[in-house]
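Heads up: the protein sequence lines correspond to chains A and B, in order.
Per the numbering used here, residue -13 is the first one in the first sequence, and the count goes up by one each step.
Per the numbering used here, residue 11 is the first one in the second sequence, and the count goes up by one each step.
Everything labelled a hint here was simulated from the structure, so no lab data went into it.
Check before you lean on any hint, since a few could be wrong.
[Unchecked claim] Computed footprint of chain A on chain B; a stretch qualifies when at least three of its residues, placed anywhere within it, have a C-beta under 8 Å from a C-beta of chain A: (1) 16 to 25; (2) 99 to 106; (3) 115 to 127; (4) 172 to 186; (5) 280 to 293.
Ideal Cβ positions, reconstructed from N, Cα and C, are used throughout, including at glycine.
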Amino acid sequence: MNKGKAISLINVLIITGIMFLLPAFFKGPYVTHVLILTVLNILLSTSLRLISLAGLMSLAHGGMMTLGAYTTTLLIIKLGLSSWLALLIGGLMASFLAFLVGFPFSRLKGIYFAMVTIFLSEMVALSVEQWRSLTGGSSGIYNIPRPDPIIIPGILNLTFSSKVNFYYLICVILLISLLILYAIERSRIGMTLSGIQQSDSLSESVGINCTGYKVLAFSIACFFPGIAGGFYAQYISTINPTTFGFLFTIYVIIYLVVGGMKSFAGPIIGAFIFTILPEILRPLKEFQPYFFAGSLMFIIFFMPEGLVGLPKRVVALYDKLIDKWDEHA
Amino acid sequence: MSSVAFLQSIVNGLASSGIYICVALGLTLVMSIMGIVQMSHGEIYMIGAYCVYYMVVHLGFNFFLALLIAVVFVGCIGIFLERVFFRPFRGELDRAVIISIGLILVFQNLILSIAGGNPRSYNSPIKGVLRIFGTAISWERLFIVFTGVLLLVALFIFINKTKTGQAMLAISQDRVGAALQGININRLSAIAMFLGCGLAAIAGALVGALFSMSPTMGTFALMKGIAVIVLGGLGSISGAVIGGLIIGLIDGILPVLTTSHIAGLISFAAIILILIFRPQGISGHE
């Protein structure tokens, strides 16, 4: 292991440690809720990046979350399944839908793909609203039970009665997901996907199955919003078809693009800053949206590579200043 | 469904088509000249509606005069937006989308604080109904259809017969080639934004007269507009017309036949199917 790798590994461990210690410093249900949302948004935007690696922009994350949330909830309530199994099936269900539509959808490029994914998302919500006998229609489902307690006799007795425990749960889910997503990106699949992003036809000509890889990326990436939806339904304990609407998906894209699409850390930083920022700006009351929009545009105007490029820019600026100083002296 | 109800729902569908086509034409103009999806187009449409509302209700202007002033005013907003916000991001889809999301937030909140969140409407300038084949069709809806056709013909003549229009066509086909021929892309981008925003303002004002207006009305119009241009083929005027007719008629006829949810499902499924069999849209090019 070389030095750079060791340093970045230490950084990751430190950030993970801070993540788990945060609830000790920031107490109170409201702050914990914001922390949970932050981690959830990191999970969503990072998984969206896997699709963008293949040069596609999906707006189906909201629909996939709705699907995952309803699958999980209905399995728990109607069939009495263990909540953990139901959560997993919720994710697999979203993945399966993505797999089914992936083959016809991956014929489309750019904005055409983005559009059909919006329509897919809307179709999921409309189907839920139409199927009243099962899903409760547009009023949704209430009193969703909390996740089953994790009991290992003598060692652990974890019940999900407080918000802090939900925070730890989503942190664990996020860590596992990030490991999986990072491994995929660094594997042959990730390399192939970025090849497809750069040129569809060139990749095809060297014998890469473009459609197959696109479908693979789409269905893996949709697993995570499925899980996130199932988690969110159990956390909030109510779900309706408009919870994860169009606006929700748009925000996930904001996190991804503003954070920086080119690097793995981009969506993490973007989701972190832009989930916390509106909460910090809350004292501004009716001027809050203007400041949010303003900071969004500022970053897009002055940081073409996203927030992730900020340290490099600061270092470059610093070097420039030092040089100027030397010239003067 | 009786033939009377059928005729009425077709006219309703055509009226929606007129609105959708107006919105979509603006989007497709900006898209093909500047290479961006102008997501705040829906908000421009909303501002157009509110401008006309204030002039008609509070200042007592004639509807058509108010419409003319609103078109020019909103068109100038369009030129301003092009110069300040969109010119640096020409051809960069992702970043332009985020910029326009920022603009959406700003415009929606601005109108919300000026006009409040309650839906508003004003008395339509055109009253009465046309009795034909035993059914009653409001002149208002027919007026929207006529306006749509008129604008379409005007735009068609503008693109095909004037030098500016031909230059726009050239840019949409090959930006670098057009620039080499001495076409001023900056100037034409401004003209495209002016025209696009003006069309959106007309559509907004018509919707304000027919239904009602609210600060969030733009989202629906934007969704429909993007659906229309994607279905028809990006950057194609005839595509926008065909796409607008298909989506407008589906929206007019299906909800009469079944529940609104199933109608929505069918229309989305139909658009997805058309796109899968024609990935470049109905009359788009590869």
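Hint check:
1. 16 to 25: violated (count 0)
2. 99 to 106: As far as the segment 99 to 106 of chain B goes, the hint holds, because 4 residues have Cβ atoms under 8 Å from chain A.
3. 115 to 127: holds (count 5)
4. 172 to 186: It is violated, with 0 qualifying residues against the three required.
5. 280 to 293: holds (count 7)
Violated hints for the displayed structure, listed by number in ascending order: 1, 4.
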